[in-house]
Amino acid sequence: MLFNPRAIQHCRACGTAVEYRVPADDNRERAVCPACATVHYQNPINVVGTLPVWEDRVLLCKRAIEPRYGLWTLPAGFLELGETTEQGALRETDEEAGARIDLQGLYTVINVTRVGQVHLFYRARLLDPNFLPGAESLEARLFSEGEIPWDLLAFRTVRETLRCFFDDRRRERFELHCLDVG
Numbered sequence: 001m002l003f004n005p006r007a008i009q010h011c012r013a014c015g016t017a018v019e020y021r022v023p024a025d026d027n028r029e030r031a032v033c034p035a036c037a038t039v040h041y042q043n044p045i046n047v048v049g050t051l052p053v054w055e056d057r058v059l060l061c062k063r064a065i066e067p068r069y070g071l072w073t074l075p076a077g078f079l080e081l082g083e084t085t086e087q088g089a090l091r092e093t094d095e096e097a098g099a100r101i102d103l104q105g106l107y108t109v110i111n112v113t114r115v116g117q118v119h120l121f122y123r124a125r126l127l128d129p130n131f132l133p134g135a136e137s138l139e140a141r142l143f144s145e146g147e148i149p150w151d152l153l154a155f156r157t158v159r160e161t162l163r164c165f166f167d168d169r170r171r172e173r174f175e176l177h178c179l180d181v182g
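Position one of the sequence shown corresponds to residue 1 (the UniProt record's numbering), numbered consecutively onward.
Hints in this document: simulated from the structure, not taken from any laboratory. Where is the CB? At the ideal position from N, CA and C, for every residue including glycine. Among these hints, one or two may not hold up.
[Claimed, not checked] Label pairs and their in silico Cβ distance ranges:
1. P149 <-> P5: 45 to 53 Å
2. L2 <-> R163: 20 to 28 Å
3. L127 <-> P149: 21 to 29 Å
All chains should be built: construct the whole structure from the sequences, respecting the hints.
Right under this line is the structure:
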């Protein structure tokens, strides 16, 4: 689903059809309600997840939901209101893989502007190799670099995060990566 800058049609406060115009003291066109003057802002959605590692292998989940049903991904999902990015990443890892982890820091920040999202992945150490996929995963499995199903990865952000990880591991130095994937 591509980002639609005119997706808002009606005011969330009163239900009146909105007008698109640049409000006073702003510099961008926004959905503005002509009845109650509410200005509606559209902001990127945050996706949070982890790159869980056990020894020399990474944990991937096979998706049991759309989009990209049946393809492999890192455990990740939408950040909920009222939680930090770290809390969301831990929750998503538990929900999708049933994995116990220790977060090791923010690893990739990836802008996906065409769909209005920002993906944040944390490096994580698996506390044990026992995990149980949740309702959104068909399977959860550990992969060495040579076993990664590169052609069956669900999202480009996952591919880029894995690429960064294996490159950094070879260099024996992990750093924060900020990327744009369109």
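Against the structure, the hints come out as follows:
{"no.": "1", "hint": "P149 <-> P5: 45 to 53 Å", "result": "violated, 35 Å"}
{"no.": "2", "hint": "L2 <-> R163: 20 to 28 Å", "result": "holds, 25 Å"}
{"no.": "3", "hint": "L127 <-> P149: 21 to 29 Å", "result": "holds, 25 Å"}
The structure shown violates just one earlier hint, number 1.
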